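Colleague: Below are the chains, spelled out letter by letter.
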Amino acid sequence: MELYSLLLIPLFLALAALLIGRSRSFGAINALGYLAELSCGLFFSAAFLERPEPFTRGLFFVDSLTIFFVLVITIVAFAAALYSIGFLERERRQMKVTDKKSGYYYFLFNLFILAMLLATMVNNLGLLWVAIELTTLISAFLVGFYNTKFSVEAAWKYLIICSVGIILALLGTILFAYVFSLTGGISLNWSDLSAAAGQFDPDLVKFAFIFIIVGYGTKAGLAPMHTWLPDAHSQAISPASALLSGLLLKTALYAIIRYGLIVVKCVGFGFFSHLMLLFGLFSLLIAAGFVLAQKDLKRLLAYSSIEHIGIIAVGIGLGGPLALYGAFLHLLGHAAAKSLMFFGAGNIIQAYDRHNMNSIRGVIRVLPFTGLFFLAGLFALAGFPPFSLFRSEVMILMSAFGRGSYLIAGSLLLFMTVIFGALVFHAGKMIFGPRPPEVPPAKEDLAGKLAFIFLLLIIVVLGVWVPGPLDRLLILVVDTTRGI
Amino acid sequence: MTYILYGILLTAFALVAAKRFDALIGTFRLQAVLLAALAFIEAWHGGGFGIYIIAVLLLIVKGGVIPYFLSRILKEIGASEDLGFFLTPQLSLLLSVFFAYLSWQFSGRIFPGEDLLLKISGTAAFTLLLVGTQIMIFRLKALAQIIGLLVMENGIFLLGIALAGGLPFLVEIAVFLDVFISVMILGVFVYRINRLFTGIDVSRLNRLKG
Chain A
1 MELYSLLLIP LFLALAALLI GRSRSFGAIN ALGYLAELSC GLFFSAAFLE RPEPFTRGLF
61 FVDSLTIFFV LVITIVAFAA ALYSIGFLER ERRQMKVTDK KSGYYYFLFN LFILAMLLAT
121 MVNNLGLLWV AIELTTLISA FLVGFYNTKF SVEAAWKYLI ICSVGIILAL LGTILFAYVF
181 SLTGGISLNW SDLSAAAGQF DPDLVKFAFI FIIVGYGTKA GLAPMHTWLP DAHSQAISPA
241 SALLSGLLLK TALYAIIRYG LIVVKCVGFG FFSHLMLLFG LFSLLIAAGF VLAQKDLKRL
301 LAYSSIEHIG IIAVGIGLGG PLALYGAFLH LLGHAAAKSL MFFGAGNIIQ AYDRHNMNSI
361 RGVIRVLPFT GLFFLAGLFA LAGFPPFSLF RSEVMILMSA FGRGSYLIAG SLLLFMTVIF
421 GALVFHAGKM IFGPRPPEVP PAKEDLAGKL AFIFLLLIIV VLGVWVPGPL DRLLILVVDT
481 TRGI
Chain B
1 MTYILYGILL TAFALVAAKR FDALIGTFRL QAVLLAALAF IEAWHGGGFG IYIIAVLLLI
61 VKGGVIPYFL SRILKEIGAS EDLGFFLTPQ LSLLLSVFFA YLSWQFSGRI FPGEDLLLKI
121 SGTAAFTLLL VGTQIMIFRL KALAQIIGLL VMENGIFLLG IALAGGLPFL VEIAVFLDVF
181 ISVMILGVFV YRINRLFTGI DVSRLNRLKG
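The listed protein sequences derive, respectively, from chains A and B.
Reminder that position 285 of the first sequence reads as 285 in full-length UniProt numbering, one-by-one numbering, no gaps.
Reminder that position 118 of the second sequence reads as 118 in full-length UniProt numbering, one-by-one numbering, no gaps.
Treat the hints as calculated values from the structure; they're not laboratory data.
Note that the coordinates shown come from a computational prediction; the quantities given were computed from them, not determined experimentally.
Built from N, CA and C at the ideal position, the CB exists for glycine as well.
Possibly wrong hints are sitting among the right ones.
[To be verified] Taking lysine-lysine pairs in the BS3-like style, the calculated list, with each CA pair at most 25 Å apart, reads:
| id | chain 1 | residue 1 | chain 2 | residue 2 |
| --- | --- | --- | --- | --- |
| 1 | A | LYS429 | B | LYS119 |
| 2 | B | LYS209 | A | LYS149 |
| 3 | A | LYS206 | B | LYS119 |
| 4 | A | LYS149 | B | LYS75 |
| 5 | B | LYS209 | A | LYS157 |
| 6 | A | LYS149 | A | LYS100 |
[Said to hold, decoys possible] A few chain B residues that face chain A, going by a derived Cβ cut-off under 8 Å, partial list only:
| id | residue |
| --- | --- |
| 7 | LEU116 |
| 8 | LEU118 |
| 9 | GLU153 |
| 10 | ASP178 |
| 11 | PHE197 |
| 12 | LEU205 |
| 13 | LEU208 |
| 14 | GLY210 |
So here's chain A without its partners, still in its complex pose (with noise of 0.2 Å):
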């Protein structure tokens, strides 16, 4: 029941959208249906915890790895909701957004939420290339939003990349749908391929997830296929970069894992485990050089998503209870936190009109709340304790040193210790210093406050202790991931 009516809350929404989308209550309509959607997706993880059987349903294939995802994608899509409020309110208040496109912005908003979910939820391998494509195509009207040359360059170079990224992926799909006809098996969903992955042919399956990992890694933005990923993330409006930053990733990233474990039962660890080291820690060293130099704010985000993402592979790629209890925990971490920084960023652009760092001074005194958790959260980014991400990276970096991988370990503290620190120095300088004199200060919405509070609140309250049924789900999904 639950699995139907979180597929259901967006799909409503996006058509009341349609209808009463321009109204400027719609907003509020919104957040009420997104937290009716996070508490589904909390009933639907606690029936789950209750009998933790994967089960199919019609459409559907659900195990823990679905229930994890489905509950990221609740909680970050509430705070958007909440956050979306205040801030289109003062985008039509600036004069940049119509009331017309603001019904649009939360229509688009719904399918896409709902297209993430469907990924994260199908059986069919098809049916989730399927949606992965519709989130690349909703998106990109998020992306060319503002309709402005650059936001219009962005979409396209998006489309385009992302759409050839795409098509390689489907060559991947066909081919494994291939491999499991060579064994006699019709059939594309999840379920079968993985039962009878042991038979498989082990070249053609290799060959064949080489084009899934370059293919939905585009999506990802795993280096080298990233170059899409900072243009559409700094273009976007803010609302829509903290989803495709928080949840978009990772929906690929999920694709990736689920044809992980076909391939892990096939032609064993070796094979997978490599790859996604070496996506990894490319991502972060190409992070790491352009962090280094970055001017704009967002893209400074955008960089950092790449460097998280690939802190999650490498996590994947090392294995190991550890390592994967970390990658996990490290996902959830990484969605809250770069959700609330590009919620902060959003207010910072709107407050100062310019998205340049070096001409962004005083941030604390024009927008004190926003200042003060855009600060918090840009140390939790940083893997500062006491937030969660710490704990994370502490535990992949600890599940490297145990493993006696000291190359891999020694490469992840140097990256990270190079991004921290500019990420720190570059977004730490705009916080304090004299306000701008043609800055005033501005007003920070109720609401936009409470989506601050409440993901800020998950990441410490994860960094210091993971609650009971978050550790049960994470467990289980270790235990469903454990072959990799």
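Please arrange chain B on chain A, whose structure you already have, making use of the hints.
Modeller: Relative to the frame of chain A, chain B by itself:
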């Protein structure tokens, strides 16, 4: 069936050698018709009822609606016929012949059986994939990039038909719908690019760096 595959291979060469938009779109349409014919034959040989529907859809959408849509955009925005060559048609043709050779070797490696038809299908499919990429990279007009993408997709479709007798019906339909929607959306963005950048030359999309 082999002749149709050769025909598809030829259209791939014709696509990179095309000098004007109407030739590009026309060749693409021909390619779609050939692909549809291939799907019909596959269905005739017992591929199942679903493949008939796919073939008809292919004929209507890729052989009719999409080419029409693309030519209409071209006419409406009054773009020049020039494709914006980064690499001349002659060089591109040479390159694509080389790609076809590579594809032949490659499909020999991954389909090591005696099945010659499968090998030729694989060659044609991978050539289409590479040629599509080539068009996307070496033609600087936004519309040409859309066609490059579609050609890549044709390659995948061909491979799908040859390998697995097509994907499951539901998936195939969904993929089709998806491709259709994505062309429409790319079309919307072509209009926007044309309005903002006064032209559809993507080499002008160079503002975002770092």
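Colleague: For each hint, tell me whether it holds in the structure or not.
Modeller: The hints, checked one at a time:
no.: 1; hint: A:LYS429 x B:LYS119; in the structure: 61 Å, violated
no.: 2; hint: B:LYS209 x A:LYS149; in the structure: 14 Å, holds
no.: 3; hint: A:LYS206 x B:LYS119; in the structure: 20 Å, holds
no.: 4; hint: A:LYS149 x B:LYS75; in the structure: 23 Å, holds
no.: 5; hint: B:LYS209 x A:LYS157; in the structure: 12 Å, holds
no.: 6; hint: A:LYS149 x A:LYS100; in the structure: 21 Å, holds
no.: 7; hint: LEU116; in the structure: 17 Å, violated
no.: 8; hint: LEU118; in the structure: 10 Å, violated
no.: 9; hint: GLU153; in the structure: 6 Å, holds
no.: 10; hint: ASP178; in the structure: 5 Å, holds
no.: 11; hint: PHE197; in the structure: 7 Å, holds
no.: 12; hint: LEU205; in the structure: 4 Å, holds
no.: 13; hint: LEU208; in the structure: 5 Å, holds
no.: 14; hint: GLY210; in the structure: 7 Å, holds
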